[in-house]
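Chains as they are written, first to last, in numbering that gives the first Met the number 0: chain D, 0 to 267; chain G, 0 to 267; chain X, 0 to 321; chain H, 0 to 321.
It should be emphasised that the hints constitute simulated quantities derived from the structure, not laboratory data. Keep in mind that a hint or two might mislead.
Straight line, CA to CA, 16 Å or less: simulated EDC-like cross-link-like pairs of lysine to aspartate or glutamate [as the list claims (entries may be wrong)]:
id	chain 1	residue 1	chain 2	residue 2
1	X	K230	H	E318
2	H	K161	H	D16
3	X	K20	G	E176
4	G	K144	X	D16
5	D	K177	X	E164
6	G	K24	X	D24
7	D	K24	H	D24
8	H	K20	D	E250
9	G	K144	X	D24
10	H	K29	D	D22
11	D	K144	H	D16
12	H	K29	D	E176
13	D	K126	X	E117
14	G	K177	X	D16
15	X	K29	G	E21
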Amino acid sequence: MSRMVEFTDTEFMIAQGARLLEDGKTFFVGWGIPQVVAILGQKLYVPNVIQLFEFGAIGPQSVLPFVRGTMGGPQNTYRSLQWLNMNWAFAYSAAGYMDYGMLGALQVDPYGNINSTFLGGTYRMPKRRFAGSGGGNQVASHCWKTIIVIRHEGRRFVPKVDFLTSPGYLTGPGAREKAGLPAGTGPYRVVTSKGLFGFDDETKRMILLAVLRGLDPGEVVGDMAFRPLISKEIREISPPTEEELRLLREEIDPSRFLIRGERMSAPA
Amino acid sequence: MSRMVEFTDTEFMIAQGARLLEDGKTFFVGWGIPQVVAILGQKLYVPNVIQLFEFGAIGPQSVLPFVRGTMGGPQNTYRSLQWLNMNWAFAYSAAGYMDYGMLGALQVDPYGNINSTFLGGTYRMPKRRFAGSGGGNQVASHCWKTIIVIRHEGRRFVPKVDFLTSPGYLTGPGAREKAGLPAGTGPYRVVTSKGLFGFDDETKRMILLAVLRGLDPGEVVGDMAFRPLISKEIREISPPTEEELRLLREEIDPSRFLIRGERMSAPA
Amino acid sequence: MKIRKDGEIEYRFEHPDDFRKFVRDKRSRKPEPKLCSAKDAVSALVSDGDYLVYDFSSLTRGPQSLIREVIRQRRKDLWIAAEFTLHESALLTGAGCVTRIDVGFLGYGSYIGQAVCEGKVRVYDWTNGGLALRMLAGARGVPFLPTRDLLGSDNMAVSAAKVIEDPYTGLPLAVVPALNPDVAFLHVHQADIYGDARIFGTNLFALEAAMASHRVIVSAEEIVEPEEFRKDPMRTTIPYFLVDAVVHAPFGAYPGAMPARYEIDLPHIDILNGIQNEEQMQKYLHETVYSVADHEEFLDRRVGAAKMRELRGKANIIEGYR
Amino acid sequence: MKIRKDGEIEYRFEHPDDFRKFVRDKRSRKPEPKLCSAKDAVSALVSDGDYLVYDFSSLTRGPQSLIREVIRQRRKDLWIAAEFTLHESALLTGAGCVTRIDVGFLGYGSYIGQAVCEGKVRVYDWTNGGLALRMLAGARGVPFLPTRDLLGSDNMAVSAAKVIEDPYTGLPLAVVPALNPDVAFLHVHQADIYGDARIFGTNLFALEAAMASHRVIVSAEEIVEPEEFRKDPMRTTIPYFLVDAVVHAPFGAYPGAMPARYEIDLPHIDILNGIQNEEQMQKYLHETVYSVADHEEFLDRRVGAAKMRELRGKANIIEGYR
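Looking at chain D on its own, in the form it has when it is part of the complex (with noise of 0.2 Å):
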């Protein structure tokens, strides 16, 4: 049998993130793991993709390592093409310039509805309160292709989310146009912990595509809240690869404060 390989169930969520960018595209890039996504795409796969943050630097080429709690400073604005403000980083993507843009999320429904901001309870009165969207409605509403990246719990994926943060098809087809969000967007990919997920051109629900090699398609959704679509021809996903892992490792989070988390094992 062929050599396990060992890694955490961040590093690949980062790995997937990084083989879903399109080279020469521009990539709204939200706090956290997708930072270091645009990162390692960068350096691997897309060398020409334009980052774009919601601060307002346009084009970063981050300097290695990533530092934890940069966001803004030296090390991920270092030599954009231009420095502005939210306003006009905003503008940006509401005039249709940004073509990818990631987050992260604490649930997602079977329309990639994206909650950030509290967990159980009420608004008033919350069980668990978290920052909310920041920048993410604006990201998921005028980015062509939002990518959400979420830790794949079967609790995390509801058939309704607690509160809709950020805007995925929102009740179904033709939804973000009725509520005036911009024509052609939406959710794009579920990148999770064990599988990556699409949305079905006709019904806009979640539609499972690919899996981690070694898992089980039944499993992968059997935990979820919500039975999500699953393809005809489900793919295979191969786990990081060791260039992926030296660099994350070695090259852009030696402290481990990102990549960190639940230890996994696959076939390489």
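Fit chains G, X and H to the given chain D structure using the hints.
Just chains G, X and H, lined up with the frame of chain D:
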């Protein structure tokens, strides 16, 4: 009898304008004569006036001599506090930061409404077409006190302007507010080549406040196509001082590009 | 009246004509020396119940020394815009200074989340883009600005954003009301004694906030000659007539970073992130704020010359920051 | 469909979703060399019937060499925004290139005024502020922006500006529709071969126009290394992915001035201002445009090295322009 001073109507209007400025206030400067008014005023009377130009120069200290046709060039953006753009310039005025504005006019009506667009005929088929608003409409709408500078020719003072380019008091008291224009704004003074007009608090109609020394108020208003109010006591305006004329002729506009005009004289 | 109610939602709103009158009557255009201590600036310009905004974040170029001074002076009932902010919300809440927060991004560490759950502070979610746009509206003197986000999200329901029909296309558009804060804090690289200020690098809405606010306190790493600004007007972020007080505050962004000046103090940030309960919060506030008289003493006794040297040394990326 | 009618008023308007799709499908984000001749740029990117905008004015940093190339190629039925413009409107009208003008400020010299009276060109008065705001709306991807001017004036009646009621105060507000031009011309101090561009000094709406337009032609006094832009991102006016063509055009603003590079040629400007009739106009166009193959030959045979030396020498104010 006292010595007579010789000057042009333009020089007189510029001198009057310069005397109206208030030190330590902001002044939205329009094209042409207002530029020279600002320079003369800053040199002689109001060293701390902050000039603002629609093309984004905040607080420039113009270089002498005034070079015609350099609107936006290094000479009249020199030593600015800040260089921005047009949308920011009008943000300053819209948010209430501009105390005074100064505009020229083809026609003005009893309420200080300004026409700088066309004379005669219709908008589609005018007899004579001119530059139009430029930024004049914004200046007259946003600034707290707008000063109008106009050559004293009867036909320019009309009951109704051929085209309302920049708003005065529109149809009278309360009309600006009713139209949605910022409260408490409006025309403040009308500087002509023979006298100075203000606006009656109650009726918002133009009222003669002062005339050039030696002129008869009755004659000044005699040839106007509408009958302005006349203040109980009409002040006397001294002609351009030696210092004003020296600065204008020797330092500010030696080429006499802007200050030339009809010859006048008055007792010193 | 600057606070409005829309059902159970409260939002800060001022009629543009009222703000304009304030700008006309109360904001001097005269170049006057405004250099003063943080203590004097905050006591003169920040009152209980004020709405406060700041730029940039607690990790980068945030006005941390001014925030600490507000805490030291125990202001009450403040309303803040937690725009791209992080620890400020938690600290100001822990110190009992803040009762309402427009979000934004609610920072991290579990303390502030708990405070919301326990009803210690009332939050209104506008999103970062929504708050930045509200500030732009306030700076442009218009009562609202339209945008094609927020639509379809629950942020619409918990803020005073509304949906209108675009008169040109019939499109539903979200609109947000102008925001004209009572006070804005801006920590900058350079300022002169009149208030002309320069920020190097990106900013959230520095100029918008300065134009839209009733009062502006600038804290600066360095005080430079007024002449410097007129020699390079493209570099001016804020002109003096938008500023009410200038505080000379080297290391004013500490424990955050000041781009090209000093790096972030990560161990200190970890302490902040680790604050879980009231006891830890009060201990932190005592050590960093209450037990020192001012920012200078804080640097002296709680940070130290060696640490500052170290952090300065780490700030090795200076390209573009001039 | 990019032209709308509102009664007898025509205005340029594009649904924001249509412009967004164009941006997605037709505007490359790839760094590709875009250096080309004015001839190639204009023939490839400017078509009959296009809506054209430019920044700054014919006296200062205007894209005069590009305007002359448009005339040389005898484009027809153009619609221009005469924003803070001066002679361009007259020249383009005299050359039969323009049929509609959004005003702005209609320049001077009596020629253009006569053309309007004779119905040679159709004008729509939006005011400078109105046009700048339309450009900002186009750049921000919203169908309109509100403003507290235009109200009560006749410009409302001869443009497609409308009055709406503010949902927060009930105030009447003027709104102007977004403008998304077909082409924007920007003459800049420095550009690289990909299109990154720097303007020194003030501008009208350079970034707004570049973001809001379908195609952008940059003409530059100087071509610099791409590296230069990334070393000083605060100085970047336009990033490369907003630009379609880069033309190296020394003295491209002639007879106007290029701040800190060369002064205005006043005698030439006097000739322009003196144009009163068709004969003088055609004579001027023949001498300065039709009878020379391109900008280089124009400088060579119509301006001359001595004059250029003189104008360079007069540009003695360089402070701040870097």
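Hints, verified against the model:
Restraint check for K230(X) and E318(H): the C-alpha separation of about 6 Å stays at or below 16 Å, so the hint holds. Restraint check: the Cα-Cα separation between K161(H) and D16(H) comes to about 21 Å, which exceeds 16 Å; the hinted pair is violated. Note on K20(X) and E176(G): the hinted pairing holds, with a Cα-Cα distance of about 14 Å set against a maximum of 16 Å. Between K144(G) and D16(X) the CA atoms are separated by roughly 15 Å; this keeps the pair inside 16 Å, and the hint holds.
About 12 Å separates the Cα atoms of K177(D) and E164(X), which keeps this hinted pair within 16 Å; it holds. Under the criterion of a C-alpha separation no larger than 16 Å, the hint pairing K24(G) with D24(X) is consistent with the structure, at around 11 Å. Of the supplied pair hints, the one linking K24(D) and D24(H) holds, its CA atoms being roughly 11 Å apart against a limit of 16 Å. Between K20(H) and E250(D) the alpha-carbon distance is near 38 Å, which puts this suggested pair outside the 16 Å criterion.
With a C-alpha separation of about 13 Å, the suggested pairing of K144(G) with D24(X) holds against the 16 Å cut-off. With a CA separation close to 8 Å, the supplied pair K29(H) and D22(D) stays within the 16 Å bound. For the given pair, K144(D) sits about 15 Å from D16(H) by alpha-carbon distance, which is consistent with the 16 Å threshold. Between K29(H) and E176(D) the alpha-carbon distance is near 29 Å, which puts this suggested pair outside the 16 Å criterion.
For the proposed pair K126(D) and E117(X), the alpha carbon gap of about 9 Å is at most 16 Å, so the pair holds. Among the hinted pairs, K177(G) with D16(X) is consistent with the structure: their alpha-carbon atoms are about 13 Å apart, no more than 16 Å. At roughly 11 Å between alpha-carbon atoms, K29(X) and E21(G) fall within 16 Å of each other, so this suggested pair holds.
Hints 2, 8, 12, counting from the list given before, are not met by this structure.
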